[in-house]
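Asks: For reference, the chains in residue letters:
Protein chains: 2
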Amino acid sequence: MHHLVEQMKQKDIRALARAITMVENDHPDKLDMLSDVFASQKNARYIGITGSPGAGKSSLVNRLISHIRNEDKTVAVIAVDPTSPFSGGALLGDRVRMNEHFTDNGVYIRSMATRGSLGGLARATKDAVRICDAYGFDVVIVETVGVGQSELDIMKIVDTTALVLTPNSGDVLQIFKAGIMEIADLFVINKADLDGVGKLKGLLKELVMMTSKEAQKTPIVKTITTENKGIDTLWEKINEHYDYLYRTEEGRKRRKQQQELEVYELIREEIWREVKTYAENERLTIKADDDPYKQAQAIYQQWKQERGRLNDA
Amino acid sequence: MHHLVEQMKQKDIRALARAITMVENDHPDKLDMLSDVFASQKNARYIGITGSPGAGKSSLVNRLISHIRNEDKTVAVIAVDPTSPFSGGALLGDRVRMNEHFTDNGVYIRSMATRGSLGGLARATKDAVRICDAYGFDVVIVETVGVGQSELDIMKIVDTTALVLTPNSGDVLQIFKAGIMEIADLFVINKADLDGVGKLKGLLKELVMMTSKEAQKTPIVKTITTENKGIDTLWEKINEHYDYLYRTEEGRKRRKQQQELEVYELIREEIWREVKTYAENERLTIKADDDPYKQAQAIYQQWKQERGRLNDA
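If you read the protein sequences in the order shown, they are chains F and A. The first sequence begins at 1306 in our numbering and counts up by one. The second sequence begins at 1306 in our numbering and counts up by one.
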């Protein structure tokens, strides 16, 4: 067993942090470590919280952490934050939360930053979720800012995704975005003390009516994080959704689809690493003025032939 | 030369449409066609317009089209639209615009929809831009909704990116997102007749002061599309930026970086296609309950050995 996974079994939180750093940096040995992580999973509940910047996701998650802790469950939060050009890392919310839950061993909060590559962050986040599961957290929350294509991709690993909206923010347009209706298992109207909450709820209700195919209509929960209101209902609805998933075949179907996707994703990543190393070792240079389509074909063919020779030897 | 590229040289607009469909559907023969497209490029100016839903990008682009046409230049617009769960395709704005410019042969508007795969849309959009260039349009505008990771990726192909913001929309948070400060060459405050325009402009100015490394500070332009105000200034600033790019080494540097990225992207795509076809032909099934990391390694190794045998034969 990989030493980090071994150490995680001893509840060494630094080993957990190091394992996440390993996937974040796309370490060449990560697959062996992740295999051991996979085998050590303890069936944590995975929850996704997504929504626009300013929707109050961080405060909501903070309240949710306290609520979950009151039920004597442990919780890890993977916050997928945009890289600020100023801080060069995670944004605000984090440190605030860190303070509140800092002394609680039952809470782990980690933010993951973009490492540039499209898809790389989504991949690393999914691995980080499994790592937290293997460590033994009961609940793993993935919090993402925005609902772009890569955020949608991240959400495919969770059991229940809550989309956080606020009244009068133009946020509702988010749900027209590609894939949002498919991934939102739950709508949260946060800052529900603001004007326009009735209008937003009405609109959401209509949308749910029009689009829900399942017998289970997508629930709409109102929360006011500043007053700690609605958090209990939110947790209840999350649990109901989870129960629904595993009472029906839905949950299993989801995990199966996700698994297939992941295997291909991992293969693609492996090949990519290999071709890139090959191109670097061979000092293949890309010419800015030449046809990129021909250059791509040439490098690929060259790599394949080289691989063939290696296999032959 | 590929027959579609041949036909495009004869100004056959249906050939242009077909060529774009080919990259949208990721047709296996697309690389040969794209090589001919690459060779036929005529050095069009590439402009990106991005911003949140509701920022008024479509109307702005519409005004910009009219302005560019008044200068006797032709213009193509590639609108990267979210797929609505209702229409199953492009959103509203499009048909409105189509009406206005429908009879004008100097205008081509095409929206591209998500085909599911992460990165696939960005790839197809870049190819579509080159196709419009090869056809002979003087200006190619890429309009994207949102500023997620894949939108940022799309913007890497354009010369000048304008980020459209509106007063009091919470939009300004967008610019804290990963990479936005790096890609925005121009800020547009649209709906500049609304309250809060002074505040937004003040904030943007501060940000520009803090972050612009170049001698060239990022310009801020105010527009009111409903009154056709500010469009001339916007076009002027776009041209100034373009001049700056090609007066300095900046433009060449950008295209070179983009080219390198593209070659790797294309290689990755090629390999992916091959592995996927292999897995399908061999009916390799992915087991939902088994370790995805081990399964990925196994399929990859198997494919490599198979490749070795093929090369050997």
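In case anyone wonders, no lab produced these hints; they're calculated from the structure. Just so it is clear, CB atoms sit at the ideal spot from N, CA and C, and this is done for glycine as well. Hints may be right or wrong, so weigh each one.
[Stated by the list, open to error] Here are some chain F residues pointing at chain A (derived, C-beta under 7 Å):
| # | residue |
| --- | --- |
| 1 | 1317 |
| 2 | 1318 |
| 3 | 1547 |
| 4 | 1565 |
| 5 | 1600 |
| 6 | 1603 |
Asks: Now tell me, hint by hint, if it's right for this structure.
Replies: Consistency of the hints with the structure:
no.: 1; hint: 1317; in the structure: 22 Å, violated
no.: 2; hint: 1318; in the structure: 23 Å, violated
no.: 3; hint: 1547; in the structure: 18 Å, violated
no.: 4; hint: 1565; in the structure: 4 Å, holds
no.: 5; hint: 1600; in the structure: 5 Å, holds
no.: 6; hint: 1603; in the structure: 9 Å, violated
Comparing the model with each earlier hint shows violations of hints 1, 2, 3 and 6; every other hint is respected.
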